[in-house]
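Asker: Protein chains in written order, with our numbering: chain A, 1 to 442; chain B, 1001 to 1311.
For the record, the hints were derived by calculation from the structure and aren't laboratory data. It cannot be assumed that every hint is accurate.
To be verified - Okay, the calculated beta carbon distance ranges per label pair:
id	chain 1	residue 1	chain 2	residue 2	range
1	A	Ala253	B	Leu1153	49 to 57 Å
2	A	Thr427	B	Ala1292	36 to 44 Å
3	B	Val1128	A	Ala197	17 to 25 Å
4	A	Thr97	B	Arg1069	21 to 29 Å
5	B	Leu1218	A	Gln430	50 to 58 Å
6	B	Ile1041	A	Ala323	48 to 56 Å
7	B	Arg1069	A	Glu258	46 to 54 Å
8	A	Asp303	B	Ile1284	29 to 37 Å
9	B	Arg1069	A	Ala235	51 to 59 Å
Backbone N, C-alpha and C fix where the C-beta goes; we use that ideal spot for every residue, glycine too.
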Amino acid sequence: MSTRWRSVGILGAVALLVGACTGGASPVASPSEAPTSVAPSVAPSAEPVEIDWWHIQNNDPGKQLWQDLADEYTAAHPNVKVNLTVLENEAFKTKLTTEMQAKTPPDLFQSWGGGGMAEQQKAGLLKDITADVASWKDTINPGALGMYQVDGKQYGIPFDLGMVGFWYNKDLFDKAGITTPPATWAELLDAVKKLTAEGITPIALGGKDKWPGMFYWAYLALRAGGKDAMANAVATGDWSGTSFVEAGKQLKALVDLEPFQEGFLAAPWDGAGGQAASMANEKAAMQLMGQWAPGTMQANTPDKQKVKFNLGWFPFPSLEGGAGAPTDGFGGGNGFAVGKDAPPETVDFLKFLVSSDAANRWGALNSGILPTTVGAETSVTDPDLKSVLENRAKAEYVQLYLDQATTPALGGVINDAIQTLYAGTGTPEQVAATISDAAKTQ
Amino acid sequence: MTAALQSGARTRRRAVGAWATIGLFMLPALSLYVLFVLLPIAQAVRFSFFKWNGLAPLTEFVGLANYERALADPVFIGAVSHNVLIVVLSLALQIPFALGLALMLNRRFRGRAALRLVFFAPYVIAEVITGVVWSLLLQPGGLAEGALEAFGLGSLYHPWLADPSTVMLALFVIISWKYFGFHMILLLAGLQGIPRELDEAAAMDGASRRQAIRYVTLPLLGPTLRVSVFLSIIGALQLFDLVWVTTGGGPVNASNTMATYMFDWGFRRFQLGYGSAVAVILFILALVVALAYQRFVMRRDIEGAVTIYGG
Chain A
1 MSTRWRSVGI LGAVALLVGA CTGGASPVAS PSEAPTSVAP SVAPSAEPVE
51 IDWWHIQNND PGKQLWQDLA DEYTAAHPNV KVNLTVLENE AFKTKLTTEM
101 QAKTPPDLFQ SWGGGGMAEQ QKAGLLKDIT ADVASWKDTI NPGALGMYQV
151 DGKQYGIPFD LGMVGFWYNK DLFDKAGITT PPATWAELLD AVKKLTAEGI
201 TPIALGGKDK WPGMFYWAYL ALRAGGKDAM ANAVATGDWS GTSFVEAGKQ
251 LKALVDLEPF QEGFLAAPWD GAGGQAASMA NEKAAMQLMG QWAPGTMQAN
301 TPDKQKVKFN LGWFPFPSLE GGAGAPTDGF GGGNGFAVGK DAPPETVDFL
351 KFLVSSDAAN RWGALNSGIL PTTVGAETSV TDPDLKSVLE NRAKAEYVQL
401 YLDQATTPAL GGVINDAIQT LYAGTGTPEQ VAATISDAAK TQ
Chain B
1001 MTAALQSGAR TRRRAVGAWA TIGLFMLPAL SLYVLFVLLP IAQAVRFSFF
1051 KWNGLAPLTE FVGLANYERA LADPVFIGAV SHNVLIVVLS LALQIPFALG
1101 LALMLNRRFR GRAALRLVFF APYVIAEVIT GVVWSLLLQP GGLAEGALEA
1151 FGLGSLYHPW LADPSTVMLA LFVIISWKYF GFHMILLLAG LQGIPRELDE
1201 AAAMDGASRR QAIRYVTLPL LGPTLRVSVF LSIIGALQLF DLVWVTTGGG
1251 PVNASNTMAT YMFDWGFRRF QLGYGSAVAV ILFILALVVA LAYQRFVMRR
1301 DIEGAVTIYG G
């Protein structure tokens, strides 16, 4: 799973080589020591204040952009000092866990929202910023905003939201005589058969990492049962609905066609012989993946250049007879959560980080970060990323990835259970029951 | 009488003094041992009685529920059986193979030093690198498939690491490749400690080469063999890095070991209480095996006696 997050926003990712990069800026004062005597209002005070800020955009150009924004903010607010800590994804998780256990979370830090953030909130480590952001929260994409809420209260703000869909090789589709991307599940199965008949591997899948396979089941469940059934299951932990069994049955229909590359159960998402590499080197015709896919594919070509074939994107097909709208989707991205001891200025700084100006600059980088600030979508010019954004705009409902929306423990069970469908060791009924049972006990 | 009493008291005093000295000298090492070995173990045991995600305060006491859950989980039982499988295969195949090589390399012939180096080299390579290299070799389109095809044996290729029924055997081959050189060097060192005169004497008495190995070499190699077996068992029980890098415990948990299972639950799913319980089970298992082995198998070696009549 980690690879996915590493890939987010790191176009042309060479993250593996980067290692832990702390930027040398270790926090000077811990949050509890920072002056917090200012009146608890949103208005910045003139008293000196320090904000500890951790982010994971450890590669340029994103890293530089955050630095520039911090510099601009402190120039305009001389009383505020921002202590930047830039971490590689895995190093961030380790370091944050340590700080969390010591009950000293940073003032502002990387968050993916969902179940992981809810666990931090339940441990009393986050600050409720609902009232502080009330005046400007409408400038943020509501679907993305919802991923950073627990029980209706806001604990963080997203700056990036992407969606999962099919990335496909137009040249290979042409070769198999498929002129329009499949719009229904039946058409997709049909396309798989046509590609197979042409001797082309229809789908690349990184089965070792488990979560790439989870996307199919999750999408099918969303298409079969609709957004209410999905949202209800995530919220209440009741996964016994029929749509979750139906998802398994439909997925089995796909698996039975043997559409995946040889040895896919041992293939990773990112890395030699993996899903991204199979796609990038034209050994497979399509893959279901998020907005970071072009960047990771580029990193998995021999010359680290953009893929040579015509890359296209289409949303997950609709399911005949299903209750779900074909525009609904799964997605996720990056945001910042606010630590429990953060000075009030933190929220004002956060507002600045997701302002139209900042979001437009992020979009213009075309780095895979898809701004959540309303109106900033137009700043993205890369055609692949634009197609993701267009579909995100159409979606009435974007559900956070199942393994992120739930607790890490339940997310692991979901991924494990779904993998048994691919390996042929589990039945659709068993998968739904396993997830349902685990959700009840956790 | 008085003299005897005085002498007794002096002896006692001297004994107390000696213990104080020993204690003083042991203090630095002992405090480090307590701080970095005993305390963490005690912590893990404590955590294992709680349901804990690492963030919230340690309040949800669940008693032995974590242990019950582990022992009732077919995935964990599967992981234990994979460890046992590696132990059995290592003892049945890997050590005899290493012994055969050691016997061969103990004779004089050209290129002996080079061969020793070649066989020992895999042991020097980091486990993570071994895992990556072997997964590249074995993956579809990798060197293994290419080599088989070059000899017209392409049909023999199978994505072994991707098939739940073959993944453990593939891992065993990788583990053996990595460690046979280590056992070989260990046994070679043992062989070189056996005086050549004994072999010559056996030959004089009309023993065949085979008989000499069976009745002279092997019994004298006993202590080394037992150490080799011991290290092999403990290594197999603690197996982690290679498996984690090569397969991540998959597909569908077919190659989980106790250690990968523990890591997955403790540090990826953040059920630190449950992960601690698994760690404690692993620790107890390894400890029991180690103590039993030392008590029953290696006792004579530890006492320093020379074993004459085999293990």
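Asker: Would you pick out the hints that fail for this structure and give their numbers low to high?
Answerer: 1, 3, 7, 8, 9
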